[in-house]
Amino acid sequence: MTIEETLLKVFGPLLSISQLANILDRSPEGLRISLRNSSEWATRINKTRLKIGRRVYFRTSEIAQILSEDNEIDTRGSV
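If you read the sequence shown in the numbering used here, its first letter stands for residue 49, the second for the next number, and so on.
These aren't lab readings, by the way, just hints derived from the structure by calculation.
Ideal Cβ positions, reconstructed from N, Cα and C, are used throughout, including at glycine.
Just so you know, not all the hints are guaranteed correct.
To be verified - Between beta-carbon pairs, the in silico distance windows are:
hint: 1; residue 1: Arg-84; residue 2: Leu-115; range: 16 to 22 Å
hint: 2; residue 1: Ser-109; residue 2: Ser-66; range: 29 to 35 Å
hint: 3; residue 1: Asp-118; residue 2: Ser-64; range: 27 to 33 Å
hint: 4; residue 1: Ser-82; residue 2: Glu-52; range: 31 to 37 Å
hint: 5; residue 1: Ser-109; residue 2: Trp-89; range: 16 to 22 Å
hint: 6; residue 1: Lys-57; residue 2: Ile-81; range: 28 to 34 Å
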């Protein structure tokens with residue numbers, strides 16, 4: 049089962065800030081602060097952002113893709 053399939057099964061198509069923070073092992077407030085930076089990582093995550101009314105969500109499929117890419121880089125780097 050891929051990261052995307054797992055995340056979609058557990059969380060559905062959209063992630064709240066709390067759910068994303070849980071996946072990334074951060075506090076929701078810490079994640080909010082990190083996403084305000086102009087770092088490459090924050091930019092990639094913010095591109096998945098979707099605002100519905102006052103609520104902010106993140107597209108699960110795109111988050112899974114980012115995590116998969118980061119995992120591949122980590123795996124190649126440790127060889």
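Taking the beta carbons of Asp-118 and Ser-64, is their distance inside 27 to 33 Å? violated, 21 Å
Go ahead and decide if the range 28 to 34 Å is satisfied by the Cβ distance of Lys-57 to Ile-81. Distance hint for Lys-57, Ile-81 holds at roughly 29 Å.
Do the beta carbons of Ser-82 and Glu-52 sit within 31 to 37 Å of each other? violated, 22 Å
Holds or violated: the 16 to 22 Å window for the beta-carbon distance between Ser-109 and Trp-89? Holds, since Ser-109 and Trp-89 (Cβ atoms, about 18 Å apart) stay within the stated range.
May I ask you to test the hint 16 to 22 Å on the CB atoms belonging to Arg-84 and Leu-115? Holds: the Cβ-Cβ distance is about 21 Å, inside 16 to 22 Å.
Mind checking the hinted window 29 to 35 Å against the Cβ distance between Ser-109 and Ser-66? Violated, at about 19 Å.
In terms of the numbered hints stated before, the structure departs from hints 2, 3, 4, listed from lowest to highest.
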